[in-house]
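Number of protein chains: 2
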Amino acid sequence: MFVPGLIERKRDGGALTPGEWRDLMKEYAAGRIPDYQISALLMASFLRGLSREESAALLDGMLASGGRLDFGDLGKPVIDKHSTGGVGDKVSLVLAPLVAACGVAVPMMSGRGLGHTGGTLDKLESIPGFRTGLSLAETRAQIQQIGCAMIGQTPEVAPVDKKLYALRDVTATVECIPLIAASIMSKKLAEGLTGLVLDVKLGSGAFITEEERSQELAETMIRLGEDRGCPTVALLTAMDRPLGRACGNALEAEEAIMSLRGEGPEDLHDVTIALGVEMLALAGEKDRARAKARLEDAIASGKAAEKFEQIIEAQGGNPAAVEDPALLPQASEVEVYYARAAGTILEVQPRPIGRAVVQMGGGRQKVEDVVDPTVGFVITARPGQQVHISEPLASIFAKDRAGIELARRALDDAIRIGDGHAAPLPLVAARVSAKGMETLG
Amino acid sequence: MFVPGLIERKRDGGALTPGEWRDLMKEYAAGRIPDYQISALLMASFLRGLSREESAALLDGMLASGGRLDFGDLGKPVIDKHSTGGVGDKVSLVLAPLVAACGVAVPMMSGRGLGHTGGTLDKLESIPGFRTGLSLAETRAQIQQIGCAMIGQTPEVAPVDKKLYALRDVTATVECIPLIAASIMSKKLAEGLTGLVLDVKLGSGAFITEEERSQELAETMIRLGEDRGCPTVALLTAMDRPLGRACGNALEAEEAIMSLRGEGPEDLHDVTIALGVEMLALAGEKDRARAKARLEDAIASGKAAEKFEQIIEAQGGNPAAVEDPALLPQASEVEVYYARAAGTILEVQPRPIGRAVVQMGGGRQKVEDVVDPTVGFVITARPGQQVHISEPLASIFAKDRAGIELARRALDDAIRIGDGHAAPLPLVAARVSAKGMETLG
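Chains A and B are the protein sequences, given in the same order. Each residue of the first sequence is one higher than the one before, counting from 782 in the working numbering. Each residue of the second sequence is one higher than the one before, counting from 782 in the working numbering.
Don't take every hint at face value.
Derived CB-CB ranges, DEER-like [unchecked claim]: (1) B:D793 <-> A:G1010: 31 to 39 Å; (2) B:P1207 <-> A:D1008: 55 to 63 Å; (3) A:D1150 <-> B:D1008: 41 to 49 Å.
Bear in mind the hints are in silico, worked out from the structure with no lab data behind them. All C-beta atoms in this analysis are idealised placements derived from N, C-alpha and C, irrespective of residue type, glycine included.
The shape of chain A in the complex, shown without the other chains (with noise of 0.2 Å):
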């Protein structure tokens, strides 16, 4: 293979073959081919683009290069959730425990934080003693078990993928469809699943902000799955402003167990409730009607929560904290932030938020940085509330004075208060399944 030979071709707007590609991933996961050709033919890609058939090459290298699960065995569907992130996203927490109390397999497979968006694994390990680290055999007798395990990206899974996030980390190649679209499903599609719903966030906390790229982005993973034998179907939901009050680690594991007591914030038991429709269809029920109704009645019953309790006490967790949320680590300064004018609320933006968890200490800005899981926001403000001057918006948690002041200042920065109407997004905004896009919002 003369890798400068591949590079060119992309370069100059032509396709490299399907066997190219593996070819590629191949040689490039033993080791055999350097960096700096990869992220050339990365840069090409980014600006030349990716074929159908080339996206879809590129993904089967990339999950040729791990271990993959086989629940074939298993007697049940196996269904599991991906959202492109957000801020205040904490729906996996949720959503994992609930449909696996409705007797659906639920391997979920999830990441750190990245950018201005949490991570469901730094949400999870808040809860003290919960490890996320389990090999892919664990995961398998937990699954057996109880039917859900939450754990990170295995070293066993995609390393050709875990190699390639990295260096598009560092060369700009990071917003680029057919490479997001692959390297996510290179992950999913190992977990071997029987079906598969993505939650792709719209507008200006989402990491692709324009609508049509959304869509596209949507369609191009749901082609990648059902080409491969998942059904995959999105939806498309708002991320113009956090999800539910809680931002931070530690505060959004508190929201998602309120969620699954059935005392959450509306918007986010929409979602979950949403998502898990979706989920419960792919696993065979026919009627959405009776899905949502199987999903409120496993909150209602307690039997999600105690699903959530099984699950944190299989991965060495302290489930007490399902009953006890006091049990989560708590921040040292708490305070209040009131509304520095009266008027409508128009807009909550996310990424100053998302941002300044982050510079808390709740996210990283080095890879070797230790994340603090009591920083944070619970943010009571939404956009259309009608708002008096000195009413209360938001609570702010921090380990110190300097986080707080940080934290007034995004605050100020992330709500605008003013005349007029807000606008925001409908909370789901479409439904993107192999059939089309259909509008709900």
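Given chain A's structure and the hints, the job is docking chain B onto it.
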């Protein structure tokens, strides 16, 4: 400096500031930026282009990475010539001694064979004992003594260009005018020149085969030189057929010696004189007819050949080769190639010839290959010539029968005989200076 942010800006069609380009080169030269980030930036630059200011800043950064010659105390003009490379292009071997014999200092820094083209260093080293690896200090001393040195790129000159060039070669980012121009000029301006003449090749045997792009390359290099106080002029010359008759290292050295003695082929002589006139003009000779007469006289009087003897002697070679070219290494197999048909010679394509020389052992297919100086061609067939069947068109010089056969196939491929008219490019098609382009041919 946040490198991914710079790559992202270039990726999205923006420009980096001069300071950013200079810092990038400085940090890359120091090994503090990894190759994979630079290769992504090079690919983005290839596809998005560099502005005039960006090329200039890139060049300045490359120049700053290394040492420079300074001939300020020499009291005479210091002029060099650079060719963009072709097949049979042995002009440097004739021109450097010739112009030096006219009283101009010529610090000629050249390269090795690249792709289908030969390299001046390989041709010089076919002269027994000739050493091209002089340090800057040795070069300076030799120029003070005899007015000319013919050397390779020393490790002291633009070291970051060497790193960049090696990286571009394996990442399909070679054929990019701003990168080519900055690379060439970083080496040439390090020579401390008071003037530079560029020989930009046109036609199928050139690296850049489109005429407008050759002109763009010439203009880019001229701007870079002029802006840095080095008056620069370019001639656009024909490379739709080999230059002269000889192709191959020792064969070309021999032809260069013949040309220095006034016994070489006409096209080689004419291109050499045209470039020499430009060099003398840059050195202060106002009268172009007089410049030409001085060059012709240096040949006729034997001074040019004598200067070459001095250079060879100073650099450890056997100067007797100038009197007796039979002292150059000789091929073991020699055969004549005859016309396979009668008609007009429509084309003598340089690329098949250049590639055959490499494959016969006269160039490198891998960096570590040792070059066989003896192999190659002497092609007497010229475009436009009428030939009979079985008329001798060329001599083949090879190390074995396989080489002879390979060379025969290359000549079958390269020499097109038929009806109709040949339409070779004018030998010297145009002259480009800071004032614009002037068509000559």
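Verification of the supplied hints:
Take D793 of chain B and G1010 of chain A: their Cβ atoms lie about 37 Å apart, and the range 31 to 39 Å holds. Range check, P1207 of chain B to D1008 of chain A: Cβ separation about 57 Å, and the 55 to 63 Å hint holds. Between D1150 of chain A and D1008 of chain B the beta carbon distance is about 45 Å. The supplied range of 41 to 49 Å therefore holds.
Going down the numbered hints, you'll see the structure goes against none, and every one checks out.
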